[in-house]
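Heads up: the protein sequence lines correspond to chains A and B, in order. Numbering (my numbering) for the first sequence: 15 to 199. Numbering (my numbering) for the second sequence: 322 to 489.
Incorrect hints may have been included.
[Stated by the list, open to error] Distance condition first, Cα-Cα at most 30 Å in a straight line; then the derived DSS-like pairs of lysine-lysine:
| id | chain 1 | residue 1 | chain 2 | residue 2 |
| --- | --- | --- | --- | --- |
| 1 | A | Lys100 | B | Lys476 |
| 2 | B | Lys476 | A | Lys106 |
| 3 | A | Lys100 | B | Lys405 |
| 4 | B | Lys476 | B | Lys329 |
| 5 | B | Lys363 | B | Lys405 |
Simulated from the structure, these hints should not be mistaken for laboratory data.
Each chain, written out:
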Amino acid sequence: MTQKTKTDPSSRFFGDTILTTRVKDVINWGRKYSLWPMPYGTACCAIEFMGTVSSMFDVSRFGAEVVRFSPRQSDLMLVMGTINYKQAPVLKKIYEQMCEPKWVVAVGACASSGGFYNNYSVVQGIDEIIPTDVYVPGCPPRPEQIIDGIIKIQELVQSGLDRATAKQVLAQKQQEKLHGNSTNS
Amino acid sequence: MEILQTLKNKFGEDIKETSDSFGMPVVVCEASASHKIISFLKHEPGLEFIQLLDLCGVDFSGDGYGLDENPHRFEVVSHLYSFKSKSRIRIRVRLNAEKPVCDSICDLYKCADWFEREAYDMLGIEFTNHPRLTRLLMWPEFEGHPLRKDYPMRKRQPLPETQKDLLN
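Excised from the complex, chain B in its bound form:
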């Protein structure tokens, strides 16, 4: 895959893994390098991945590891699309298992806003430089992050007091 070689040449050690998933190039990188790689993919003439198709957080605990044992427990997975080459690319950003923090790509793709808020809401992944990192789906009084694998299944939540937040 030509594009993977291009990225390897450009970023070297920052690219941790590359692979081919059913014909889609996959790049794995650390949180520190994610923003510059995605920025490169968007702005480099010839690549021009100008559309963000999807962005989501993933909790990999229990995936061959015990809970809290996976050093790469959290990942942020983005899919980009290029109208130039009519092709997609997947970027998997590995995060710290203790404190998952990732650079926001809202400055590159406006539509990343709600995707990142959802990932924050559901998995507790923090996005630095996000314009308004608050819960998207759950209400402000909600405790914890429900899609984390260690969220207690039968945990009950405090009832929301007000819907005022929706009016802002």
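So here's chain A without its partners, still in its complex pose:
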């Protein structure tokens, strides 16, 4: 967050008592450590979320423990479980009721892709209905994975990027991670 360097002229007078930064960085820093999740739980993934919130894993270490059951008071939607076609309008409506800025995590195989419910009644991933930022794999995912998903959201919030750009940046990062950075070699 801070942009402080040794060449910063203000440090000559004030020592390390002053930080310089940008307003949007401070706002994003505040946002990422005060996410208010709204659990949209329809299946066993929601049970894993209970474990994530409880003392063993304790999502409050990441500032996201204020679970709200009203979309109007939350900015992070966790879709946990199978979403079928008849539920799709409900999910969409609840997403629309959330105030901007808002983020969505698809927790588990069903919310991400329909999972093994490849049939006539199940939506094949919630991204068919609402924009989705992070997909957490697993059936159900362990609490560590859900926390990892929330950390990914925090990175996204801190970056201040919109979904489309963030997707490109993340994909590039992933490529570098897998194949090594060509500029370094």
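Chain B: place on chain A using the hints.
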């Protein structure tokens, strides 16, 4: 089985087959005769099958036949219970494979309402004289009948636009 003989004597040619399934009498009949047979079973003194335990549709295509080759592809299977004799009976109604139509038994058993709507929803079996034959489980925009054996497994459906129907 005494009851099967009674039905044969009463309805003659309308009874296509009878059998014994693990001690339960089974009657097979055509759609045209189903209502009067079930009505008889309910109202005849001594029989009094006053409870409808279950009603469901069945798609038999592929059961020893190719798809669409079974002349008795669809059946409606009802199970009745008599408190008089403390016994059950199964009635299998054979339907036209091209256009499965069956008489509704809602006038005899009120609980048949949703069972018949489910059979209509899942298999496309039409029930004449049903008070409100609309889809029970699927939404109004749904195309086709998902439990038919020839329903494409990977077919995707249009998203439901509204849930207004639930409020009616």
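Hints and how they fare:
1. A:Lys100 / B:Lys476: OK: Lys100 (chain A) and Lys476 (chain B) at ~16 Å, within 30 Å.
2. B:Lys476 / A:Lys106: Measuring from Cα to Cα gives roughly 22 Å; hence the hint holds.
3. A:Lys100 / B:Lys405: Between Lys100 (chain A) and Lys405 (chain B) the Cα gap is close to 43 Å, so the pair fails against 30 Å, i.e. violated.
4. B:Lys476 / B:Lys329: 45 Å, violated
5. B:Lys363 / B:Lys405: Holds, at about 11 Å.
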